[in-house]
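Take a look at the letters that make up each chain.
Protein chains: 2
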Amino acid sequence: MERVCFRLQVRKEHLTEYVRRHQEVWPDMLQALRETGWTNYSLFLDPSDGLLIGYLETPDLEAAKAGMAAREVNARWQADMAPFFEALDGLAPDEGFLRLQEIFYLA
Amino acid sequence: MERVCFRLQVRKEHLTEYVRRHQEVWPDMLQALRETGWTNYSLFLDPSDGLLIGYLETPDLEAAKAGMAAREVNARWQADMAPFFEALDGLAPDEGFLRLQEIFYLA
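Chains as they are written, first to last, in the numbering used here: chain A, 1 to 107; chain B, 1 to 107.
Derived from the structure by calculation, the hints contain no laboratory data.
Just to be clear, a hint being listed does not mean it is correct.
Where chain A lies over chain B, by a calculated footprint (3+ residues, C-beta under 8 Å) [as the list claims (entries may be wrong)]:
id, region
1, 2-14
2, 17-28
3, 37-43
4, 51-61
5, 95-101
Cβ-to-Cβ under 8 Å is the rule here; a few derived chain B residues that face chain A [said to hold, decoys possible]:
id, residue
6, 33
7, 69
8, 73
9, 80
10, 104
11, 105
12, 107
Glycine is no exception: its CB is placed at the ideal position from the N, C-alpha and C atoms.
Based on the provided sequences and hints, a complete structural model is requested.
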């Protein structure tokens with residue numbers, strides 16, 4: 001399994017709504033994530049500055065991203081989410097996220 | 001299990017050395033972490049700005065922190081690490097870390 005950590009920046013004026021949306025993620029979006037290998041997947045927020053951290057485990061991140069890119073529900077979800085984020089340069093959030101480098105691991 | 005995500009800020013001039021130290025964490029430090037419930041524990045770094053993210057799973061974070069706080073090896077390790085970080089206000093890194101809020105989870 002790859003352990004993946006990525007960061008995004010949520011606009012401070014949209015923090016409350018961003019959190020609310022993630023309490024009611026569409027069931028077909030959850031199902032698509034499950035089917036494409038996104039497991040043990042958390043999103044963590046620092047409300048002080050809008051830093052959003054994603055952590056997930058997947059057999060192959062490129063396959064997991066490609067799998068979601070092929071799902072119609074993901075296109076709708078990412079289009080809905082895009083305005084919540086800073087500095088995506090026109091990319092969807094799941095294309096514009098910045099992956100961090102794992103420098104230590106203890107099982 | 002609690003899923004825990006925390007952030008720290010590594011001083012940019014110390015990034016290389018910080019990474020190097022984590023390739024050779026002392027065996028007795030690793031053993032202390034294991035014995036006090038730090039599992040599936042990763043550190044992730046963004047070298048562009050020194051953002052350091054920790055992710056771990058533990059039955060009880062307060063117990064895991066208290067367990068390490070009672071270990072002599074942890075005092076030595078944290079004293080060694082403190083100069084690598086920004087803005088700890090005199091706290092050890094494992095006391096000064098800022099925990100993020102989990103806003104979404106998919107098993």
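Going through the hints against the structure:
1. As drawn, the region 2-14 of chain B meets chain A at 3 residues by the rule of a beta-carbon pair under 8 Å; at three or more, the given contact holds.
2. Coverage of a stretch by a chain is defined here by at least three residues with a beta carbon nearer than 8 Å to that chain's beta carbons; for the region 17-28 of chain B and chain A the count is 5, and the condition holds.
3. Counting residues of the region 37-43 of chain B whose C-beta lies closer than 8 Å to any C-beta of chain A gives 6; at least three are required, and the coverage claim holds.
4. Counting residues of the region 51-61 of chain B whose CB lies closer than 8 Å to any CB of chain A gives 3, so the stated coverage by that chain holds, three being the minimum.
5. With a cut-off of 8 Å between beta carbons, the region 95-101 of chain B has 3 residues touching chain A; three or more are needed, and the interface restraint holds.
6. Taking 8 Å as the C-beta contact cut-off toward chain A, the hint placing residue 33(B) at the interface holds, the least distance being around 6 Å.
7. At a threshold of 8 Å, the smallest CB-CB gap from residue 69(B) to chain A is about 18 Å, leaving the interface hint violated.
8. Look at residue 73(B): its Cβ only gets to about 14 Å from chain A, farther than 8 Å, so that hint breaks.
9. At about 14 Å, the closest approach between the beta carbon of residue 80(B) and any beta carbon in chain A exceeds 8 Å, and the interface hint on this residue is violated.
10. Of the supplied interface hints, the one on residue 104(B) holds, with its beta-carbon coming within about 4 Å of a beta-carbon of chain A, less than 8 Å.
11. The interface hint given for residue 105(B) holds, since its Cβ lies 5 Å from the closest Cβ of chain A, which is under the 8 Å cut-off.
12. A hinted interface residue such as residue 107(B) counts as satisfied when its beta carbon comes closer than 8 Å to some beta carbon of chain A; here the least separation is about 7 Å, so the hint holds.
Violation of the numbered hints given earlier is confined to hints 7, 8 and 9; the remaining hints are satisfied by the structure.
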